[in-house]
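Using the sequences plus the hints, can you model the full thing?
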Amino acid sequence: MQIILNKFVLLPKLPMTDHHTLPLHRLPKGTPARILTVGGSDADATLETLLLGLGFEEGAAIELRHQGAFGGPLAVRVDDRLVALRPADAAAIQVEVTPQHNTVAAGAVAGAGQAA
Amino acid sequence: MSTALNLALVGNPNSGKSSLFNTLTGSRQKVGNYPGVTVERRAGTFQASDGRIISVVDLPGTYTLTPNSPDEVITCEALLGKSDLEQTPDAIVCVADATNLRVHIRFVLELRRLGKPVVVALNMMDLAKRDGLELDIERLAQELGVPVIPTIAVRRSGIEDLAKAFTGDDWSALWQQFPVSPRAEDPTPPVRDLQREARRIVAAATLHEGLEHKLTRRTDAVVLHPVGGPLILMALLFVMFQAVFAWAAAPMKWIDASIVALQELTLAAMPDTLLRSLLVDGVLAGVGSVVIFLPQILILFTFILILEASGYMARAAFLMDRIMTMAGLNGRAFIPLLSSFACAIPGIMAARTIDNPRDRLTTIMVAPLMTCSARLPVYTLIIAAFIPNTDVGGGVGLQGLVMFGLYLAGIISALIVAAVLKKTLTKGAPPRLLLELPKYQVPSVRDIFIGLYERARIFLRRAGTIILLSMIALWGLATFPAPPPDATEPDIVYSAAGKIGRGLEVIFAPIGFNWEISIALVPGMAAREVAVGALGTVYSLSGNEDAVASSLATVLQTAWTLPTALAFLAWYIFAPQCLSTLAVARRETNSWGWTVFMFGYLFALAYIAAGATYWVSRALL
Numbered sequence: 480m481q482i483i484l485n486k487f488v489l490l491p492k493l494p495m496t497d498h499h500t501l502p503l504h505r506l507p508k509g510t511p512a513r514i515l516t517v518g519g520s521d522a523d524a525t526l527e528t529l530l531l532g533l534g535f536e537e538g539a540a541i542e543l544r545h546q547g548a549f550g551g552p553l554a555v556r557v558d559d560r561l562v563a564l565r566p567a568d569a570a571a572i573q574v575e576v577t578p579q580h581n582t583v584a585a586g587a588v589a590g591a592g593q594a595a
Numbered sequence: 150m151s152t153a154l155n156l157a158l159v160g161n162p163n164s165g166k167s168s169l170f171n172t173l174t175g176s177r178q179k180v181g182n183y184p185g186v187t188v189e190r191r192a193g194t195f196q197a198s199d200g201r202i203i204s205v206v207d208l209p210g211t212y213t214l215t216p217n218s219p220d221e222v223i224t225c226e227a228l229l230g231k232s233d234l235e236q237t238p239d240a241i242v243c244v245a246d247a248t249n250l251r252v253h254i255r256f257v258l259e260l261r262r263l264g265k266p267v268v269v270a271l272n273m274m275d276l277a278k279r280d281g282l283e284l285d286i287e288r289l290a291q292e293l294g295v296p297v298i299p300t301i302a303v304r305r306s307g308i309e310d311l312a313k314a315f316t317g318d319d320w321s322a323l324w325q326q327f328p329v330s331p332r333a334e335d336p337t338p339p340v341r342d343l344q345r346e347a348r349r350i351v352a353a354a355t356l357h358e359g360l361e362h363k364l365t366r367r368t369d370a371v372v373l374h375p376v377g378g379p380l381i382l383m384a385l386l387f388v389m390f391q392a393v394f395a396w397a398a399a400p401m402k403w404i405d406a407s408i409v410a411l412q413e414l415t416l417a418a419m420p421d422t423l424l425r426s427l428l429v430d431g432v433l434a435g436v437g438s439v440v441i442f443l444p445q446i447l448i449l450f451t452f453i454l455i456l457e458a459s460g461y462m463a464r465a466a467f468l469m470d471r472i473m474t475m476a477g478l479n480g481r482a483f484i485p486l487l488s489s490f491a492c493a494i495p496g497i498m499a500a501r502t503i504d505n506p507r508d509r510l511t512t513i514m515v516a517p518l519m520t521c522s523a524r525l526p527v528y529t530l531i532i533a534a535f536i537p538n539t540d541v542g543g544g545v546g547l548q549g550l551v552m553f554g555l556y557l558a559g560i561i562s563a564l565i566v567a568a569v570l571k572k573t574l575t576k577g578a579p580p581r582l583l584l585e586l587p588k589y590q591v592p593s594v595r596d597i598f599i600g601l602y603e604r605a606r607i608f609l610r611r612a613g614t615i616i617l618l619s620m621i622a623l624w625g626l627a628t629f630p631a632p633p634p635d636a637t638e639p640d641i642v643y644s645a646a647g648k649i650g651r652g653l654e655v656i657f658a659p660i661g662f663n664w665e666i667s668i669a670l671v672p673g674m675a676a677r678e679v680a681v682g683a684l685g686t687v688y689s690l691s692g693n694e695d696a697v698a699s700s701l702a703t704v705l706q707t708a709w710t711l712p713t714a715l716a717f718l719a720w721y722i723f724a725p726q727c728l729s730t731l732a733v734a735r736r737e738t739n740s741w742g743w744t745v746f747m748f749g750y751l752f753a754l755a756y757i758a759a760g761a762t763y764w765v766s767r768a769l770l
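Residue numbers (this note's numbering), protein chains in the order written: chain A, 480 to 595; chain B, 150 to 770.
Take these hints with a grain of salt, some might be off.
In silico DSS-like pairs for lysine-lysine, Cα to Cα no more than 30 Å straight-line [said to hold, decoys possible]:
| # | chain 1 | residue 1 | chain 2 | residue 2 |
| --- | --- | --- | --- | --- |
| 1 | B | K313 | B | K363 |
| 2 | B | K265 | B | K313 |
| 3 | B | K278 | B | K231 |
| 4 | B | K313 | A | K508 |
| 5 | A | K508 | B | K265 |
| 6 | B | K363 | B | K278 |
Derived Cβ-Cβ restraints for the label pairs, each shown as a range [unchecked claim]:
| # | chain 1 | residue 1 | chain 2 | residue 2 | range |
| --- | --- | --- | --- | --- | --- |
| 7 | A | T516 | B | E334 | 27 to 35 Å |
| 8 | B | G317 | A | E575 | 47 to 55 Å |
| 9 | A | A548 | B | E361 | 31 to 39 Å |
| 10 | B | K576 | A | F549 | 53 to 61 Å |
| 11 | A | E575 | B | A732 | 51 to 59 Å |
| 12 | A | P578 | B | L385 | 21 to 29 Å |
| 13 | A | T516 | B | A732 | 19 to 27 Å |
| 14 | A | E575 | B | L364 | 27 to 35 Å |
Everything labelled a hint here was simulated from the structure, so no lab data went into it. Backbone N, C-alpha and C fix where the C-beta goes; we use that ideal spot for every residue, glycine too.
Here it is, written out as structure tokens:
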């Protein structure tokens, strides 16, 4: 109960906009998230079809598991499958960090923002 | 024998579809190619419980009915009845991975719209149980409106239920229970709608969510580690090539001994006629020197098949992606290129899974640089003859190390050639990698054996046909015209082959090749390993009687200098001569220009590499 309350208090303190959603390739390793959008206006249609076909669906649970050295591909777990894709293509997927990890993710996102 | 039903087996890649196909059909299967398009076509038959013969074709794996690559086109056309190559199936069996249901069910929803009976084989039930996943199968069938039969393809489980479903009475009863809806005429709904529906169905049929398999997760933490992963991959490849040598040594000795025994028997049993010479010098020496490499090819394929079936191969593609990107390729090209270690032909065909045409072309162009098993005979022969079998420490043999180096040289040249191509002739946007990393699984022994049996059959058929014919042709060229009575040199010098070899020697002498090698390279056009057989024939016809009995390696030790042997090895890293590869490249690229380009650049590289090796080693040794 205590924990839930803390979360409840913490949540409104976070900026509600950009810090909740981030492109998949910026998602820190091991942080559970959910897919918000796949593709979009600027992403090409083929990529969108391919991603949807492989199970990148809006609402699906997603987590970054492994990253290859020197900017190599990412291995992400989408629902129950592990899929490899390149960071550039992962950028077409917007994700939202699931609430339990908001504090962790907010820090990581801030870090990623500074780096960018 | 007429068949009662024609089934099409479909499913996502990694659904265990091929394993199910193997379990259903066993040895009653035929592996061939789709004419014109070189995607592997696997078809077979099995008996339903009442003895009816059911034919089944294993269509290439696909995620949707909207094809993204050439092999997906085949599946879609066959299912839609648009294919000239396949009969329109009477029913569709869709193999779905129980542990990964959402994406698979979405595909079932697409299939259901085709207006054909669809049976879902809910596969990998063992993995589902292992992960604690519980499914309400009746509910799933009810929601989908199609029969669902749980199976474990790798363990035969559920296959009886599947075979029983196809018995006459059960089959009609099945479709009374699950009426087939007519073919949907409206356009396919957007994929997101199908996804939503699939999600709803799976949620309704799931009694207990599975937990992620811990072992797969832990294994991946090591295998996909940014530093550890590539090291493990290198170690695996190294062990693989060491094993090809160490384990094959004994069976190769037995085959060699049997061939020598057969030659001696023939020599003893027959008078000294042309026919005896044909049998001993042409057929036995030629074909025997190729068949001897069967153990090595089987060992190599055992490794490749196990790595594929266990789920590691996709991980290797993941690990190799960064390096492949530097060459302008994608990690996905790693699988066609790794198959090319066995033979460039399946490798070039496997390039069909690459959706970008430029990447595919680049992959096809460099595939022959991967050391195919047909080069193994050449490498083994020369290494055995010229590289001392010393231990360089830690149980690592020098011979294995040289072999590893030759493979590595092939890989590095492939990456360089690909990078150059991508910067010049096949310039384009960087390719993408989108690849499922399947769950780890213990491979089924039957699947491995069926795979090995297929490879052995293909190899021996080649030995029995194309290689045998080239050997007989070569024997003819090397025997006629007969030498004059006052001949002072070996017979072969006076023959047609001798004259051709002398002619070619003009081209090859600068890179250290003698006329015997020059002759051997010609029939080597048919298949690279024929060069070994050709050397066997040439030397057994040119030498004294001792040469026939002693092994070719011993003969070469005295006939060749070390620089020549090394130059020959370097030539074979590139070795352009393989008609089958060129024919497949022509078919796949649909361009004579690219085919000629492939031959030309390989020849140029082979010539330069062999020449450089010859002159450098001559200067140093």
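Status of each hint after checking the structure:
1. Between K313 of chain B and K363 of chain B the CA atoms are separated by roughly 36 Å; this puts the pair beyond 30 Å, and the hint is violated.
2. For the hint linking K265 of chain B to K313 of chain B, the alpha-carbon distance of about 19 Å falls within 30 Å, and the restraint holds.
3. Of the supplied pair hints, the one linking K278 of chain B and K231 of chain B is violated, its CA atoms being roughly 39 Å apart against a limit of 30 Å.
4. Only pairs whose Cα atoms come within 30 Å are accepted, and K313 of chain B paired with K508 of chain A is rejected, the gap being roughly 48 Å.
5. In summary, the hint linking K508 of chain A to K265 of chain B is not supported, as the alpha carbons are separated by about 44 Å, beyond the 30 Å threshold.
6. With a CA separation close to 14 Å, the supplied pair K363 of chain B and K278 of chain B stays within the 30 Å bound.
7. The supplied range of 27 to 35 Å is met by T516 of chain A and E334 of chain B, whose beta-carbon atoms lie about 31 Å from each other.
8. The given range of 47 to 55 Å is respected by G317 of chain B and E575 of chain A, whose C-beta atoms sit roughly 54 Å from each other.
9. At roughly 24 Å, the beta-carbon separation of A548 of chain A and E361 of chain B lies outside the given 31 to 39 Å, and the hint is violated.
10. Taking the beta carbon of each, K576 of chain B and F549 of chain A are about 23 Å apart, not inside 53 to 61 Å as hinted.
11. Checked against the given bound of 51 to 59 Å, the beta carbons of E575 of chain A and A732 of chain B, roughly 53 Å apart, stay inside it.
12. For P578 of chain A paired with L385 of chain B, a C-beta distance near 42 Å fails the hint of 21 to 29 Å.
13. Remark: the range hint 19 to 27 Å for T516 of chain A to A732 of chain B is contradicted by a beta-carbon distance near 47 Å.
14. Take E575 of chain A and L364 of chain B: their Cβ atoms lie about 30 Å apart, and the range 27 to 35 Å holds.
Violated hints for the displayed structure, listed by number in ascending order: 1, 3, 4, 5, 9, 10, 12, 13.
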